[in-house]
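In order, the protein sequence lines correspond to chains A and B. With the first letter of the first sequence counted as 1, position 275 gets the number 275 in the working numbering; the numbers rise by one all the way through. If you want the working numbering, it's the 1-based position in the second sequence plus 1000.
FYI, nobody ran anything at the bench for these hints, they're computed from the structure. This structure is a prediction, so every number in the text was calculated from the model and none was measured. Heads up, some of the hints might be wrong.
Simulated pairs of lysine to any residue, SDA-like, Cα-Cα distance not exceeding 25 Å [stated by the list, open to error]:
#1 B:Lys1083 - A:Pro350
#2 A:Lys248 - A:Ile211
#3 B:Lys1155 - A:Gly10
#4 A:Lys248 - A:Gly296
#5 B:Lys1083 - A:Arg393
#6 A:Lys248 - A:Thr193
#7 B:Lys1083 - A:Leu7
#8 B:Lys1155 - A:Gly219
#9 A:Lys248 - A:Asp259
#10 A:Lys248 - A:Asp225
#11 B:Lys1155 - A:Leu7
#12 B:Lys1155 - B:Pro1139
#13 B:Lys1155 - A:His4
Counterexamples of contact, computed for chain B against chain A with all Cβ distances above 10 Å [unchecked claim]:
#14 Asp1048
#15 Asp1062
#16 Arg1065
#17 Ala1068
#18 Lys1083
#19 Asp1116
#20 Pro1139
#21 Asp1148
The beta carbon of each residue, even a glycine, is placed where N, CA and C say it ideally should be.
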Amino acid sequence: MNRHDLLAAGLRVHLRNIADERPAPGQLGTILSLTATIRPRPDWLATMRRATTGVWARASANPAVRLAVVVLLAILMVLAVALIAGQRERVGGLLGFSRNGTVYLARPDGSGAIQAAEVPEYVLGISPVERAWSPEGRYLAVDGFPLNARSGYEPPSTVFVLDSRTLALRAVGAGTFIGWTPDGLALVASGSTSLATFSIDERTIEATGHIETEVLISGASLSPDGHWLAVTPGPFLVLVDVQTGATKTLYDNGGELVDRPAWSPDSSRIAFARTRSPQCHMCVGDGPILVVTVDGSRVTPVSRPDWPAVRANWSPNGEWIAYKTREPETGIEQYIEIVHPDGSERRTLPTGSPHDMAWSPDGARILYMTEALDEAGSRFILVEIGLMDGQIRRLDDGAGVEAFAWQSLPAGSSIPPLQPEGQ
Amino acid sequence: MDRELVARAQGGDHDAFAAIAASTIGRLTALARLILQDEDRAQEAVQDALVDAWRDIRALRDPDRADAWLRRLLVRACYDAAKRHRRRAVVDVRVLQVEPAVSDAQDAVATRDQLDRGLRRLSPDQRAALVLTYYLDLPLAEAAHTLDIPVGTMKSRLNRALNALRAALDADERAPAPVREHYA
Chain A
1 MNRHDLLAAG LRVHLRNIAD ERPAPGQLGT ILSLTATIRP RPDWLATMRR
51 ATTGVWARAS ANPAVRLAVV VLLAILMVLA VALIAGQRER VGGLLGFSRN
101 GTVYLARPDG SGAIQAAEVP EYVLGISPVE RAWSPEGRYL AVDGFPLNAR
151 SGYEPPSTVF VLDSRTLALR AVGAGTFIGW TPDGLALVAS GSTSLATFSI
201 DERTIEATGH IETEVLISGA SLSPDGHWLA VTPGPFLVLV DVQTGATKTL
251 YDNGGELVDR PAWSPDSSRI AFARTRSPQC HMCVGDGPIL VVTVDGSRVT
301 PVSRPDWPAV RANWSPNGEW IAYKTREPET GIEQYIEIVH PDGSERRTLP
351 TGSPHDMAWS PDGARILYMT EALDEAGSRF ILVEIGLMDG QIRRLDDGAG
401 VEAFAWQSLP AGSSIPPLQP EGQ
Chain B
1001 MDRELVARAQ GGDHDAFAAI AASTIGRLTA LARLILQDED RAQEAVQDAL
1051 VDAWRDIRAL RDPDRADAWL RRLLVRACYD AAKRHRRRAV VDVRVLQVEP
1101 AVSDAQDAVA TRDQLDRGLR RLSPDQRAAL VLTYYLDLPL AEAAHTLDIP
1151 VGTMKSRLNR ALNALRAALD ADERAPAPVR EHYA
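If we strip away everything but chain A, and leave its shape as in the complex, we get (with noise of 0.2 Å):
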């Protein structure tokens, strides 16, 4: 025996000693809870193949009806190229964050990420709303919260607006960024129970509006149809008409909290989390999450009945919602779920610990901030979940992000190119 043999030899044992085929606790079933929300794709290899034998083999038997397979077989390919780089521009957008009081933009996959604006004598972040990016795609709100500020109200903090061609940021008015209305308005809070709209464009930023609210604007949504603002003072969730500022009481919870509201992207629901515990004043969101009509007709709970819920949040299409959930037992692990509005096929993501979210413009991935320890301490890292694969891929830069809004482009506008660092 050799060398190479007794190695071979000694290698063999060694392999088998080692061994573990115990596999990991909890392994199988983040896999299962995984595929099951996938289904297997159609195998249209085969099916081609079978297509194209027959058509090549009549085709064969004629130089003419070969060319023109080839041709024809050429033509769809190009068009195929065509229509996919059409849909990557179309639900491509930027990627905007912040992070230590500056606002960074960065491509869909997180490359690129450039240093967009920073103001001395501010800390700017990005509003924490759901449609920070202004409907077609040009302008990201982003709050700025003076230096010398003693608390969070006084003095008042003032929206920035960042163009994401010429990166320019300019003030907007003293308040906090609520949304944006469909054509194009910005909506702010500039006081605890008062609106303004501004209209914005390239060169000018005007005052358009000013209505006084008989509500408190905590934790406010604006609606995609520019229509309702739902507000969360205390245990109600109320309706504000943004042209007169007439209120609607859509849900009561009986003196504990409800919070972050959510509309569907058609404006005729809202998701919201609810309070339940009276011995939890203070823990908003120990409930499931609801889902009310915007007439207050109908209310259906969507989340698991026992499991905390918080940070609903819309697909695109409005098929699904995602949401923060984590058991009640441990409290301690998180997890996104998504569910349908009538809390239907509900489905856990194995994600970790998922802080704030957001769906990608086509639907098929979800964005979260989630907490790591590396060399640098603990920070919130940027990752995201394709909900086809469950692939897990990290965005950010690779020094974290505190906050992020990702751009949803309408169907066939372009992405806007990304100036390089320092221009």
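Given chain A, put chain B in place with the hints provided.
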């Protein structure tokens, strides 16, 4: 693997796939651990392989070859996992120390440790070649098919892997014990 289960899974029966996953996850996990020498990456690779298996199960032509197909998916997932974590390299840093005299029993342990260290120094594709050949005892052609390489390439890869392992063991015998350090 049960042909009936595979056929049902190909028809979209998730319970059948669950049974397949339950019966194969142990062997796949062992393979991934041996190839990647890293628990986290191994779990990642097993998950990727099984998710890919479910998603593409209709592309499996011959249900009787499901085991080989799964192994192939796993090896591919291992390569991907290794690539993803390439930046976070584990390197051996040698420190000088005086080795005390050891008994025969300790010698045996040292040999096992040396083999462990030697395997870690190989590339994932070299480890995959060794694991398929010496742990699974796959015939050369089958191992080559799993790695998606020609038989000739498989032969040379196996030979190179053994030479590299031999070189690593020889170097290990000459050098003092290593201390592992992690670099991001």
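For each hint, the structure was consulted:
1. B:Lys1083 - A:Pro350: Holds. B:Lys1083 to A:Pro350 sits at ~22 Å (cutoff 25 Å).
2. A:Lys248 - A:Ile211: Holds - the C-alpha atoms of A:Ile211 and A:Lys248 are around 16 Å apart, at most 25 Å.
3. B:Lys1155 - A:Gly10: holds (19 Å)
4. A:Lys248 - A:Gly296: Since the Cα atoms of A:Lys248 and A:Gly296 sit roughly 10 Å apart, the hinted pair holds (cutoff 25 Å).
5. B:Lys1083 - A:Arg393: holds (13 Å)
6. A:Lys248 - A:Thr193: Satisfied, since the Cα-Cα distance of roughly 15 Å is no more than 25 Å.
7. B:Lys1083 - A:Leu7: violated (28 Å)
8. B:Lys1155 - A:Gly219: violated (66 Å)
9. A:Lys248 - A:Asp259: holds (17 Å)
10. A:Lys248 - A:Asp225: holds (17 Å)
11. B:Lys1155 - A:Leu7: With Cα atoms ~16 Å apart, B:Lys1155 and A:Leu7 stay inside 25 Å; holds.
12. B:Lys1155 - B:Pro1139: Given that 25 Å is the threshold and the Cα spacing comes to 11 Å, the pair holds.
13. B:Lys1155 - A:His4: Given that 25 Å is the threshold and the Cα spacing comes to 14 Å, the pair holds.
14. Asp1048: At about 8 Å from chain A, B:Asp1048 fails to clear the 10 Å cut-off, so the statement is violated.
15. Asp1062: B:Asp1062 is indeed farther than 10 Å from all Cβ atoms of chain A, at 12 Å.
16. Arg1065: Holds: least Cβ distance 15 Å, greater than 10 Å.
17. Ala1068: holds (18 Å)
18. Lys1083: holds (13 Å)
19. Asp1116: violated (7 Å)
20. Pro1139: B:Pro1139 is indeed farther than 10 Å from all Cβ atoms of chain A, at 15 Å.
21. Asp1148: holds (16 Å)
The structure fails to meet hints 7, 8, 14 and 19 from the earlier list, while all remaining hints are met.
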